[in-house]
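K.L.:
Chain by chain, the residues:
Number of protein chains: 2
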Amino acid sequence: MPKYSDGLDRMFHALGDASRRAMVERLARGPASVSELARPFDMALPSVVQHLGVLEAAGIVVSTKVGRVRTYQLATDALTPAAEWISRQRLPAERRLDRLGAFLDTPTDKETT
Amino acid sequence: MPKYSDGLDRMFHALGDASRRAMVERLARGPASVSELARPFDMALPSVVQHLGVLEAAGIVVSTKVGRVRTYQLATDALTPAAEWISRQRLPAERRLDRLGAFLDTPTDKETT
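These protein sequence lines map, in sequence, to chains A and B.
Position 24 of the first sequence, counting from 1, maps to 24 under this note's numbering, and the rest follow consecutively.
One rule links them: number in this note's numbering = place in the second sequence (from 1) + 113.
I should point out that these hints are in silico values taken from the structure, not numbers from a laboratory.
Note that CB positions come from ideal geometry on N, CA and C, so glycine has one too.
Pulled from the structure, derived: some chain A residues nowhere near chain B, Cβ distances all over 10 angstroms:
hint: 1; residue: 32
hint: 2; residue: 46
hint: 3; residue: 47
hint: 4; residue: 56
Listed next, the stretches of chain A that the computed footprint assigns to chain B, with coverage defined by at least 3 CB atoms under 8 angstroms from CB atoms of chain B:
hint: 5; stretch: 18 to 27
hint: 6; stretch: 74 to 82
Could you put the whole structure together from the sequences, leaning on the hints where they help?
P.N.:
Below you can see the structure in the form of structure tokens.
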């Protein structure tokens, strides 16, 4: 069993919740405070903080506190372990086509969604 | 909320367990029966079947029954929704470097692990 198993358990578990994924989507656009993160959700602040705690324990987000404001941002290479694990499971031929496709793809359309 | 949310919930949840990921790793090398999948695990057959049920409900594996033997295999593009979601969260610059790296990378070393 590879030693990053627990890390992958935590990471995939953290991503298995639509609210947490929406927070990651928001943070992919830039850092945000807890109240900024809470705004689009019909959710009490403690619940938001709890979700952020799950994401932080999984190594997906990091937080810094300046004065009374805690700001969250995506960790460097936050989702790389999950992406690499998935990539290793794909059939070799499929994987090579993906790489070529991804490389040739112009990201403009996808980045505006 | 995008309509594939529930699907992503199920998919990431299914991947958040080391035993289920090990089954996916096995099936990435080719189809297998339940007993073949059970062999490397110190696990009762019903538990193996239960894990496979979670993977099947998430659309990651499909099964076919011939006579009394049920064979499992990875679904076509099994992990693509998860891979695409992850890819969309990465910072644009990081993502472009990844693509270049993945395209230039020779897969030989990684595929033997």
